[in-house]
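Peer 1: The lines below spell out each chain.
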Amino acid sequence: MLDTRLSEEQEQLRKTVEAFAREVVAPVAAHHDATKTFPYDVVRQMGQMGLFGLPFPEQYGGMGGDYFALCLALEELGRVDQSVAITLEAGVSLGAMPVFRFGTEEQKQEWLPMLCSGEALGAFGLTEAGGGSDAGATRTTAKLDGGQWVINGSKAFITNSGTDITKLVTVTAVTGERSDSRKEISSILVPVPAKGFTAEPSYNKVGWHASDTHPLSFDDVRVPEENLLGVRGRGYANFLHILDEGRIAISALSTGAAQGCVDESVKYAKQREAFGKPIGQNQAIAFKIAEMEARAHVARCTYYDAAARMLVGQPFKKHAAIAKLVSSNAAMDNARDATQIHGGYGFMNEYPVARHYRDSKILEIGEGTSEVQKMLIARELGL
Amino acid sequence: MQSAYGGRRTSMNIVVLVKQVPDTWAERKLKADDKTLDRASVDVVMNEIDEYAVEEALKLKEAAGGEASVTILTMGPDRAVETIRKALSMGADKAVHLSDEALAGSDAIQTSYAIAKVLDTLEYDLVICGSEATDSRMSVMAALLAERTGKPQLSGARKVTVDGGNVKIERQTDNGYDVVEAPLPAILSVVEKINEPRYPSFKGIMAAKSKPLTTLTTADAGIEADKVGLANAPSQVVEFSNKPPRQAGQIVKDEGDGGAKVADFLASQKII
Ligand SMILES: Cc1cc2nc3c(=O)[nH]c(=O)nc-3n(C[C@H](O)[C@H](O)[C@H](O)COP(=O)(O)OP(=O)(O)OC[C@H]3O[C@@H](n4cnc5c(N)ncnc54)[C@H](O)[C@@H]3O)c2cc1C
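Protein sequences appear in the order of chains A and B. Read in order, the letters of the first sequence are residues 18 to 400 in the numbering used here. Read in order, the letters of the second sequence are residues -7 to 264 in the numbering used here.
Please note that a few of the clues may not be correct.
Unchecked claim - A few chain A positions that, by computed beta-carbon distances, are all more than 10 Å from chain B:
1. Gln62
2. Gly67
3. Glu75
4. Thr144
5. Phe174
6. Ile182
7. Tyr220
8. Gln288
9. Ala301
10. Ile302
11. Val329
12. Asp350
13. Lys378
14. Lys391
Said to hold, decoys possible - Think about it this way: if two alpha-carbon atoms lie no more than 25 Å apart in a straight line, the pair counts; the simulated SDA-like pairs of lysine to any residue are:
15. A:Lys212 <-> A:Val223
16. B:Lys185 <-> A:Val45
17. A:Lys222 <-> A:Glu127
18. A:Lys212 <-> A:Arg195
19. A:Lys294 <-> B:Gly241
20. A:Lys32 <-> B:Lys160
21. A:Lys53 <-> A:Gly399
22. B:Lys195 <-> A:Tyr84
23. A:Lys294 <-> B:Lys235
24. A:Lys125 <-> B:Val132
25. A:Lys32 <-> B:Pro204
26. B:Lys109 <-> B:Glu93
27. B:Lys51 <-> A:Lys294
28. A:Lys32 <-> B:Ala199
29. B:Lys201 <-> A:Lys222
30. B:Lys27 <-> B:Gly97
31. B:Lys160 <-> B:Val132
32. B:Lys195 <-> A:Lys222
33. B:Lys195 <-> A:Glu127
34. A:Lys284 <-> B:Val34
35. A:Lys32 <-> B:Gly214
36. B:Lys219 <-> B:Lys235
Said to hold, decoys possible - Derived CB-CB ranges, DEER-like:
37. A:Gly330 <-> B:Arg129: 22 to 32 Å
38. A:Lys287 <-> B:Gly241: 12 to 22 Å
39. A:Pro74 <-> B:Gly214: 38 to 48 Å
40. B:Ile263 <-> A:Lys287: 27 to 37 Å
These are calculated hints, taken from the structure and not from any lab test. Ideal Cβ placement from N, Cα and C applies to all residues, glycine included.
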């Protein structure tokens, strides 16, 4: 692979999502951000376009594309609205992908068509209040009782878990003890609403206001034994795999955010005048934007590379971690610079760059913090 | 459905005219040498209203339970294939691309001649086009084609229904709409009010690759080369000037009479 140019079809997909983002997503982004409301109408239209089914085969209601196609869509959405992009990212790579990767044929038939259509959303509950980075510290339990799993415990910061169209929450839970006396962790599918399951009130977040995030509580929630996802005791290993892939998707979203900051800054630097000329004619501003563009480009190259490795079946753990690390940094750095370029207006919530400034920080935290990415990279280096 | 010609046919054939135009977001310029639009230097897109025309054809096909075929017809340079593919990825079944150096610079009258020639080679019940193209803004194609083909013209449709051998539209007017009806085959133009064009899905984009696309030269379509092209055009652009740069606006200082001054200004511009 020595070519990072897109094929004709990939370019068409990119252009289509770019147009959708500009025409449908951008006009309502500030409204949903200000009112902290979930953009149901936008999500419905994304479903109609098949975005939620992008990487899945047609037999499950998917579009027959691949993970890279999903990434291209995430980048374009991330340029204008990170909340909308993360709704897609979490819905596909955390909600539907575990079912596709580890589910039985029945589970796939039951869940994927619904999730691919975008008419239902899936969530993935791994993080608990007691720890996200150290996911092995899971305390939620699931015990077998009369052919049913009985789930007790709580989860924290779960995306897409409390919308009107949330139909599935996959949770990791301790299902016993392994022979080496460590916890046996498994994944279990919980169709919602369910008796004993509560999506607690939304968090008061710094950004991603139009994305749906809740603490979850499980109080004797009962689901059939067949709702075990994948092999019992493989829950931890399975979600590590899911997270490796998910990092490439988050990297694509972050690249979009970094690029969106460039887009807005170029526009503003040409139009805003100070001392009798457009501010972009000052090298201090032009160079800042040049650096931002370079960061966005590097970020894009890292996720293209990680995705290419993953799609041909090569090891990609390190490359996915590098992509996530580099592109989330790029998004945050570009958001800071773009805000600076916009001066006082950059500090006003209704400006896209202000939204990127608030939204981008979580990119360095969610789905593995930057420190965790460095741990992974260092580990791959034998450190 | 029952065919327009009385015989039993299973399927309605819809032809949609689609034009590739310079991106409306970009600045458009005429070339200094031959005074035609500089198409090479800007991004190109599907003419916006043509997306509505494609959507309406797809809707009519859906309403007919899929018993219809939608053919895209485009006259334009090689590059227009991108636009044709977009229409196919939205869901059209096949496409005909009329592409020939000899056609370059053709005006509306010549274009209608060339398109009518291609229509002669196709079977159709309905030809749908947009009410105008954002580049030349002539808004005459449906009328010219109706004249050349001898088929009824229904223009400015904001709603279309096909029932048996008839097509009925609501024609948008300044203060409402007229209901107009004609037997098939007919030529129809649509306005933006008619629908909300879909975005192509990835499945559609992938499928578009393998849909039939026929490329025709003028000779293939029986078009006489000396009737088309810039040199033979009945209308010629003889001179043009670019829009003058925007002037600074007029600032009205409010000294208690701001409202009246603004009203005077609007009146002087014949706005009120
Ligand atoms: C908006 C939002 C949406 C989210 N969506 C989901 C979701 O859908 N599903 C889900 O399961 N989770 C979700 N999360 C949780 C997210 O993945 C975690 O917040 C993240 O993994 C960090 O975990 P933590 O918050 O417990 O921080 P901690 O793990 O407590 O980390 C605190 C700090 O310590 C650092 N640190 C930890 N261990 C080490 C170490 N060994 N060496 C060096 N530094 C270390 C971390 O990098 C961090 O800087 C979401 C979070 C947010 C804010």
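Peer 1: All hints, please: hold or fail.
Peer 2: Each hint, compared with the structure:
no.: 1; hint: Gln62; in the structure: violated (8 Å)
no.: 2; hint: Gly67; in the structure: violated (4 Å)
no.: 3; hint: Glu75; in the structure: violated (7 Å)
no.: 4; hint: Thr144; in the structure: holds (31 Å)
no.: 5; hint: Phe174; in the structure: holds (30 Å)
no.: 6; hint: Ile182; in the structure: holds (20 Å)
no.: 7; hint: Tyr220; in the structure: holds (32 Å)
no.: 8; hint: Gln288; in the structure: holds (13 Å)
no.: 9; hint: Ala301; in the structure: holds (28 Å)
no.: 10; hint: Ile302; in the structure: holds (24 Å)
no.: 11; hint: Val329; in the structure: holds (20 Å)
no.: 12; hint: Asp350; in the structure: holds (29 Å)
no.: 13; hint: Lys378; in the structure: holds (31 Å)
no.: 14; hint: Lys391; in the structure: holds (35 Å)
no.: 15; hint: A:Lys212 <-> A:Val223; in the structure: violated (31 Å)
no.: 16; hint: B:Lys185 <-> A:Val45; in the structure: holds (21 Å)
no.: 17; hint: A:Lys222 <-> A:Glu127; in the structure: violated (33 Å)
no.: 18; hint: A:Lys212 <-> A:Arg195; in the structure: violated (30 Å)
no.: 19; hint: A:Lys294 <-> B:Gly241; in the structure: holds (18 Å)
no.: 20; hint: A:Lys32 <-> B:Lys160; in the structure: violated (35 Å)
no.: 21; hint: A:Lys53 <-> A:Gly399; in the structure: violated (44 Å)
no.: 22; hint: B:Lys195 <-> A:Tyr84; in the structure: holds (14 Å)
no.: 23; hint: A:Lys294 <-> B:Lys235; in the structure: holds (23 Å)
no.: 24; hint: A:Lys125 <-> B:Val132; in the structure: violated (53 Å)
no.: 25; hint: A:Lys32 <-> B:Pro204; in the structure: holds (23 Å)
no.: 26; hint: B:Lys109 <-> B:Glu93; in the structure: holds (17 Å)
no.: 27; hint: B:Lys51 <-> A:Lys294; in the structure: violated (51 Å)
no.: 28; hint: A:Lys32 <-> B:Ala199; in the structure: holds (17 Å)
no.: 29; hint: B:Lys201 <-> A:Lys222; in the structure: violated (44 Å)
no.: 30; hint: B:Lys27 <-> B:Gly97; in the structure: holds (9 Å)
no.: 31; hint: B:Lys160 <-> B:Val132; in the structure: holds (20 Å)
no.: 32; hint: B:Lys195 <-> A:Lys222; in the structure: violated (36 Å)
no.: 33; hint: B:Lys195 <-> A:Glu127; in the structure: holds (22 Å)
no.: 34; hint: A:Lys284 <-> B:Val34; in the structure: holds (19 Å)
no.: 35; hint: A:Lys32 <-> B:Gly214; in the structure: violated (36 Å)
no.: 36; hint: B:Lys219 <-> B:Lys235; in the structure: violated (32 Å)
no.: 37; hint: A:Gly330 <-> B:Arg129: 22 to 32 Å; in the structure: violated (53 Å)
no.: 38; hint: A:Lys287 <-> B:Gly241: 12 to 22 Å; in the structure: holds (19 Å)
no.: 39; hint: A:Pro74 <-> B:Gly214: 38 to 48 Å; in the structure: holds (46 Å)
no.: 40; hint: B:Ile263 <-> A:Lys287: 27 to 37 Å; in the structure: holds (30 Å)
When the structure is compared with the earlier hints, violations turn up for hints 1, 2, 3, 15, 17, 18, 20, 21, 24, 27, 29, 32, 35, 36, 37 and for no others.
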